[in-house]
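Enquirer: Generate the whole structure from the sequences, applying the supplied hints.
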Amino acid sequence: MNNSLAVVLIASGIAYGTPLLFASLGELLAERSGVLNLGVEGMMLVGAVTGFWTVQRFHAATAVTLLLALVVAAVAGAAMASILAVLVITLRANQIVTGLALTIFAGAAGLSSYLGNDLNLADQPAHHAFQAFLPNSMQNWPIVGPILFGQNPLVYFSWVCVIVIALYLSRTRPGLNLRSVGESPAAADTMGIDVTRYRYVHTLLGGAFAGLGGATITLAITPQWVDGITGGAGWIAIALVIFAFWRPELCLVGAYFFGALQALAPQLQARNITLGPTVLWTNALPYLMTIFVLVVVSSGTARRRLGAPSALGVPYVREEH
Amino acid sequence: MAEASAPAIETIGITKRFPGVVANDRVDFSALPGEVHALLGENGAGKTTLSHILTGLYRPDQGEVRLFGEPVSFTCPRDAIDAGVCMVHQHFRLVERFTVAENLVLGDRHGAGRHFLIHPRAVDGQVRELGKRYRLPVDPRAHVWQLSVGEQQRVEILNALYQNARVLFLDEPTAVLTPEEADTLFETLRQMAAEQRTVIFISHKLHEVMAVSDRVTVLRDGRVVGTVETAEATPQSLTALMVGHELQTVTRTPSASVREENILEAQDLWVDGDRGLPAVKGVSLRVRAGEIVAIAGVAGNGQRELADAVTGLRAPTHGEIRVGDRKLKKGDPRAAFDAGIRYVPEDRLGTGVAPSLSIAWNLALRAYRHLARGPVLPLRKMRTDAERAIDAYEIKASGPAMMAANLSGGNLQKLVIAREFSGEMKLLVAASPTRGLDVAAVETVHSHLLEAASSGAGVILISEDLDEILALNDRVVVMYEGELNEVEDRTSVEEIGLRMAGTNPEPPAEAAVPADRTSSGSPPA
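Chains as they are written, first to last, in the working numbering: chain A, 25 to 345; chain B, 421 to 945.
Hints are all accurate, no fakes.
Examples of chain B residues toward chain A, derived with CB under 10 Å: (1) L477; (2) C496; (3) D502; (4) M507; (5) F512; (6) F518; (7) E522; (8) V525; (9) G527; (10) R529; (11) G533; (12) R534; (13) H535; (14) F536; (15) H539; (16) N579.
Which chain B residues stay away from chain A? Per the calculated CB distances, all over 12 Å, these: (17) E430; (18) V569; (19) E592; (20) E615; (21) H624; (22) Q656; (23) T659; (24) W690; (25) G770; (26) R803; (27) D805; (28) G819; (29) L870; (30) E903; (31) E908; (32) T911.
DEER-style ranges, computed between Cβ atoms: (33) A:Y180 - B:R479: 48 to 56 Å; (34) A:V319 - B:A825: 30 to 38 Å; (35) B:R789 - A:F269: 41 to 49 Å; (36) A:I187 - B:T495: 32 to 40 Å.
Source of the hints: derived by calculation from the structure; they are not laboratory data. Just so it is clear, CB atoms sit at the ideal spot from N, CA and C, and this is done for glycine as well.
Expert: See the structure below:
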C-alpha cells in the first residue's frame, strides 16, 4: 500500500515541496512588508552552494555539520538579500529590475556557479545529508508512515515555520505592524512604526529562508551540487506566494502541489509507465503554471483583488522636507 | 506642566522654508485648552505647513513650539501623538484592509491593545463607547475599505480620541462630507472642546469657520495676519484679512444669456464606473445655449462618469447623447471634441495635461491635427501660439518651453482652459474647476466660465463647492448615487444640501434620517 502511486506522490511531493515552501515563506515575509524580491532564485542557489560547501569542508558530527550548513546557507541568503534591501529600500531602486539583476548575478552561470567551480564542489557525493530519522516501525505504518513519518528533519522544521509565521502575522503586534507597513506605510509611519526597519528585517529574513530552501535541495533532496540545481524553484516560489494569497498555510498546500508535480515524472518513469512526449508536459507543468500565475497577477487590479499588500513594490518616501 | 492658563499649544517665531518659498514666516500662534481654533487662509498660505510642524511631520527651521507652556521638539508624528497632539489628515492615514479596531490597536502604546499578543476584540468595547460619547458611531469590526469617506474620517477622529489626544488638528475635514455630516462633525468638535481639549480646524471656507470656531487665526503668505474672536468677526472682515482686500465676488444675473436652443440632450444615460457597476443610472440632462447648469453633489456619486460619457472618454452602456441635432458617437473623445464639446477635467495634472510636456506641446494636444503638415509639427508656430496664449490667459510661466508639471494649480488650470477654449466651443464641461485654487485664480476661472456662457456655449459645472454653485448657476441639479435631481429653488443652500445628502426636502420628517445610513448602504466606491 505504501508503494501505491498516490502515497508515494504525496510523500515525495512533501519532500520536493519543502524547498519551495521555505523560499515562498521568505518571499511572503518580504512581500508582506512591501518588498517584491525577485532575487529568490539567486538567493536559493547561493544558499544551496554554500550549504553544500559547509558539509564538504567542515568535519564534525553529522548533526552539527548539517546545522552549521543551514546557518551558513541562511546567512548567505540574507547577505544576498541585504544587497537587494539597500538598493530597493534605502536607494528606492526599481524592485523588479533589482530583483532580476540579483538573480542574474547570483544565479546559474553567476556567483553560485563560480563558487561551485572554484571550490570544486561539482559531482561529489555529499559527506552528510538530511535523512528520515524516525523509527522504521513508524515509517512503515500504512499511508501515514511514509507521508508523515518518513520525512527528513527539514520537513518538520518547515511545518514549525509555517505555524510560527501564521501566528506571527495574525496574532502578534510585530505581525500587525508588518502588515501595516506593507499595506499603508504612511499610516504605519504616523503611528511610529519604523517602516525602513521592518522592510529590512523581513527582506533579510526572506533571503535567509530562500537560502534555507536552496540548502534543502543540496542537503536533503539531491545531496550534491550541480550548477543551477534549483531549476527555477525560486520563480515557482514567487508564484506560489500569489497562489497562496499571501497566507503561509496556503503556501504549504501550494508547495506540496508543485512538489508532487515535480515528483510525477520520475515516479512514472520508475514504474515504467511511459507517457511518451507527455512527460515533457508533466516536467514543464510547474513552470507553465508559474508563467500563467505571474502573467495573470501582473496587472495591478488582479493583484489587489487577490489580496496583495497594497504597497507591494512601492518605495516609501516620507512626506517631509 | 505649567499653570492651567497656559496655551495648550503655542508657537513662537516659527519659520519654515522650502526651496524657493518661505512657507511659514515667524509665525506666532497659540490655541487654548477648550477652544475650537480655526486656521484660516488661502491655499498656499501656510496652514498645512504649520500644522505639519506642530504634529511632528516637519521640523521648523527656526522658532519654538510649546505644549502647555513646556518647550517640545517633535522629530516624528509619533512623538507628537505621545505628547497628545494628533492630526486628521486630508488623506487619511488608515490601513484600508484592517478593521477599525486593528487600526486603533496599530498605534496603541498604552491601552488595551498594547500587548505583544493581539486580541482583535480587546478594544471593541472602547470603540463603541467612544463612538457613543462623541457621536462617532462605527462598527469596530468593519474593514476600513468598506466604510464611506465620512465614516473613515470618524475612525481617524476616534483613533485620536483613543490615543487620548489633547490637541487635535483637522485639515480641511469637511471637504469630503455632505453638509449634514459636516454639522454632525461640528457637534463632535464642540463636545471635544467642552472637555477641555483643543481642536484646531484648518479651512479656507468662511461659513464653516464662522459656524464652528471660537477664535480664528488668519494666515496669508506664510505670515499670521491676525487672530480674532469669531463672535466679533464677519465673513467680510475675515476675507479682507485672508486676501488683503475685500473681494468683488462674481455675480451673475441668472438666465442672462440663456437661449431656447438645446446644446446638449442626454436621454436615459447609463454609465459604468471603474468597478464595472453602474455609476450613472438613467440620467437625462438638457443644456441650453448660454446656460450654466450646475451639477452639485458629493464626489463619487457618478459625476466623473457622467462627465466622461459626455466628453467621450467613457462609453455609456445605454442611452444617447445629442449635441445640437446630431447624435454623438459613444466613447469617442475626438468625435466629442469635433462636435464642440470641451472638457476641463477634475484631475487637471493627470488628465488635463501631459505633465512632462511643455506648455506649447500641451496647447497643441487638441489642435495638432489641424496644425501639422503631414507628420511634421510646426514647432515655431506652436511656440508663438503658446506665447500668445500665455499673454491672453495670464499664465505665469517662464515661457512656452516650461514643463506643465512645474506650473502652479491656478496657472495649470488656465493652461487647460486656454487649450479647451480653442476652436468652436458648443459645450463646456468643467469638473471641480476651482478645487484647490486660491481666491484670485478662482475668480479668473469663474470669469472664463461666464465668458463661455455669454458667448453662447452651454456649460456644465460639476462642483462640490456650494458658494461656487450659487454664484454661477442658471439651474442646479444634484447628483446623488448616480441619479440627477432637479433643485427647485436654485438659490436655496438648504435644499441643495439636503439633496446632496440624499434626502428629499419636501416631507420634513425625513430630513432626520442619519447621514450614515445612506452612505453605508451603498457599495464601496
